[in-house]
Amino acid sequence: MKEIKEHTISARQACVIIVMCIFANKILLLPSLMYEKSKADAIFAILILFALDLIVLPIFFKLKQLFPNEKLYNILSRKISPFLTKLIYLIFSAYFMFKALLVFSVTYVYFKQQIYQDEFLFLAIIAFIPVINHATAVGLRSFARSIELLFSIVLLGFIACLAFSLFTQLSMPIFFISNAKNFFTTIYEHTFAFGDYIFLFLIIDKIQIKKGQEKNFYFYSLLGMGLILALFFLFYSKYQITSFMHNNALADILVFSVQFNAIGRLDIIAMLTVMVITLFQLEIYNYAFSESFLSLFPKLNVYYSIAVFDILFAILYYIFIGKYEILVGSSDIWSPVPAIFINYIIPLICLIIILIELHLKKRKKKDQTYLSNKK
Amino acid sequence: MKKFFKGCLKNPMVIVFILILIFFMPIAIYSPGENKNRGVVTAVGIDKVDELYEVSLLTFIPTANQTYKDTNSVISGKGKSVADAIYKAQIAMGRKVGLAHAKTTIVNEELLKEDVATHIDYLSRVASLPENTVFICSNKTAKEVLETSKTLESNVGLKLEQLIGFNANNLYVTDTSLEAFYKGYYSDVKSSIIGYLTIMDENEVNGHATQDENNSTASSKNSDGSSDSQGSGSGNNEGENIVSQKSVEQNSTGQSSGQSEGQAGGGGQSKSTSSKQILNQGEAVLLKNGKLVQKLSIEQLNGINLLNPKALNQIVTINDVKFEDKTLSFNFRIKNKKVLTSTKFENGIPIYSAQLILGLELVEIVGEHEEIKINTEFSEITPEIAKKLDYQIKKEFTDALKVLRENKTDVIGINDKFFRENRNSYLKYIDKIKEIDNFINFVNFKLSLIIQPD
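Residue numbers (the numbering used here), protein chains in the order written: chain Y, 1 to 375; chain U, 376 to 829.
Possibly wrong hints are sitting among the right ones.
Said to hold, decoys possible - Which chain U residues stay away from chain Y? Per the calculated CB distances, all over 12 Å, these:
id, residue
1, 427
2, 454
3, 806
Said to hold, decoys possible - Just the calculated beta-carbon pair ranges, DEER-fashion:
id, chain 1, residue 1, chain 2, residue 2, range
4, U, 798, Y, 184, 19 to 29 Å
5, Y, 125, U, 408, 21 to 31 Å
6, U, 724, Y, 44, 30 to 40 Å
7, Y, 358, U, 717, 51 to 61 Å
8, Y, 212, U, 412, 58 to 68 Å
As the list claims (entries may be wrong) - If we take Cβ atoms under 10 Å as the criterion, some of the chain U residues that face chain Y in the derived model are:
id, residue
9, 395
10, 499
11, 555
12, 561
13, 562
14, 685
15, 759
Because the hints were derived from the structure by calculation, they are not lab data. Note that CB positions come from ideal geometry on N, CA and C, so glycine has one too.
Same shape as in the complex, but just chain Y (with noise of 0.2 Å):
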């Protein structure tokens, strides 16, 4: 088997990774779908969203301090079964191809609003993919490298759009307005949007954590969490109850009102922003479609799996396209299934691995100490 590439990252490299996993489907539509059922409390409902997310960090963590080195392949196949290890990693495949493809198909039919509205499948198919597929055949350090690089002026269009948008009319969400039927179906519905964490769990053996680094994580995170929760405040602060005809947050935060009409429009700022956050989700989500893929088929290479992730996804769109509802819409309805199946029932599978080898670790070395004794 020629594998992906194999290059172990850095602290840093995977906490600017987790931030761009964290902005994937939450900086353009999501906001105005939270907001059609939960109004301005889907603010909270996100607030949720994270604090569930967050709380899979320190399995992550100690997952990675029990079996530093493993794959987390490996270490599935060792405590439950390969055969319930192929399984997961089938549904692993198909998870984070939906992820790529629902990133793709938001962020196209943006670009399509804003620069050119007739279709233009193909030019975006081919600004994208051959990009992504090269990230993927390099490997992971070299596109984690890129991110980092690109990292700090992603950052900077990020809270340039925040930032500008304090120039237009603002006016604090009415909060608590929507019922608790409301507020939990939104949690549930968006569960798919999240999750930001398992790819970390995919490329456990790849990083490389020295001691006292983990705190970076949850600086990293939080920093990602705060700004998708600041661009909701100022989203729904500039639209309230428009909100919901708004599908593009982090451009129409940047549109000024009819004072600054003639400044003319500064959106190229969030669609530069935007492009390079997509391409950067793109090749995380390839990346892990083919680490995905090549885990359950390891005698190919990471050329078949990057050929079959371009195939799926090119069959998927086909299947979609011009269906941009379709798409989103079922996100909504079947996606959150495998979505809490991938993003909490894997971290609990991992915790209880985590708490068994403890145990058994525990009573290895009382037996240990017990057998000394009696020696």
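Following the hints, complete the assembly by docking chain U onto the known chain Y.
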């Protein structure tokens, strides 16, 4: 060098890049410019004529030219729906319609007799239309407004959005964009304000000016004897504050144009019989459920904006001020403003309290007085002046409030404020009165002013 090329060719991304260049460069070089396929629309006008929609597009078509003249055209199309009419206009233009730069949307007053949201549904669905597009209506057809504005731009370089932008900055203050309209439309009280532009023929304008002069005289007479608000509102009698822009209509061939007959699918080349003027009187219209319920004068708008801290520069006129045995009229400009508001329920009655700290600047004294340059005594706000200003400002607010109450509208966010600050009491009260629209009629307003010279 050879080594370098070999190294490059080994890199798959370089090969991909070269392939992209090979495939796309010739296409890019030979493809026509985007402006040959697309007309940049800077304003959209919607009219309804004989059950057909007529959409007029003020279109900027970049052409190689020594000057920028004649690059703007009004192109129209008629259809059963707005989408159909735009499609016809597109055919007439010979280009695709690019709405991303449309900064103004105009509808004819007639369309406001029905729910206007149904007429502009297409625009709200076309995501490329910017949200900050100004939404206004006019007494004449939207097409006439666009044609007049076209020549206005050619003749004096004043763009329609600049004219409206001035209003937005200085008069409406409450946003009058398409977005703001929808915010009001989807609110509980379903009310919003949009701008209003008057189009008049030259003859009408002359008549109007004469009438205004008479009005001014009449109001002066009133102000001599009584404190009727007609002339003493904000000091800007209509005939005086009209920003009128005369524009001689010209079509692209230089002939005069004006009354245009856009045909279904036909272009907007039109012929004229007389010159027209845009009379920007700073008026606006109050909409309820998307329908026009009342036209607002600049005084009423100022009254509505009184509680808005961003609304500055309005002129407040007080009459009959006695100074050294003379009776004078004083004009003050609101230079700065601080607004403190609170809401509460007292004995089950909703009370809206507002305290305004106004910094006023004396800008004009009307009447015979000797010293014009140094009048430090005038800069002081005497108790008499303060009393008159207090009365005048409160009167303006009361008049504006009366309009809002009569039409059961709320464009100053009374409901919103009560909901935010006294949610439970407010909801109980709404349950009691069973009509959220009518809430404004039950609110007790307490307005207190602190007037300071600035």
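**Item:** Interface hint compliance - residue 555 of chain U to chain Y, C-beta minimum distance less than 10 Å
**Value:** With Cβ-Cβ at 8 Å, under 10 Å, it holds.
**Item:** C-beta pair residue 125 of chain Y, residue 408 of chain U: status relative to the range 21 to 31 Å that was hinted
**Value:** holds (25 Å)
**Message:** Does the closest beta carbon of chain Y sit nearer than 10 Å to the beta carbon of residue 759 of chain U?
**Reply:** With a minimum Cβ separation of about 37 Å from chain Y (threshold 10 Å), the hint on residue 759 of chain U is violated.
**Request:** With respect to the beta-carbon atoms only, verify the hint that residue 212 of chain Y and residue 412 of chain U lie 58 to 68 Å apart.
**Result:** holds (59 Å)
**Message:** Can you verify the interface hint for residue 499 of chain U: is its Cβ closer than 10 Å to any Cβ in chain Y?
**Reply:** holds (7 Å)
**Asked** Hint check: is the beta carbon of residue 685 of chain U less than 10 Å from a beta carbon of chain Y?
**Response** With a minimum Cβ separation of about 9 Å from chain Y (threshold 10 Å), the hint on residue 685 of chain U holds.
**Request:** Hint says 51 to 61 Å; check whether the CB-CB distance for residue 358 of chain Y and residue 717 of chain U agrees.
**Result:** At 58 Å between Cβs, range holds.
**Request:** Using the beta carbons of residue 798 of chain U and residue 184 of chain Y, state whether their distance is inside 19 to 29 Å or not.
**Result:** holds (22 Å)
**Closest C-beta approach of residue 561 of chain U to chain Y relative to 10 Å, hint status** = holds (5 Å)
**Message:** Given residue 395 of chain U as an interface hint, is its Cβ closer than 10 Å to any Cβ of chain Y?
**Reply:** holds (7 Å)
**Prompt:** Taking the least C-beta to C-beta distance, is residue 562 of chain U closer than 10 Å to chain Y?
**Reply:** OK, holds: residue 562 of chain U within 10 Å of chain Y, min 6 Å.
**Prompt:** Does the Cβ pair residue 724 of chain U, residue 44 of chain Y satisfy 30 to 40 Å?
**Reply:** holds (34 Å)
This entry does not satisfy hint 15, going by the numbered hints stated previously; all others are met.
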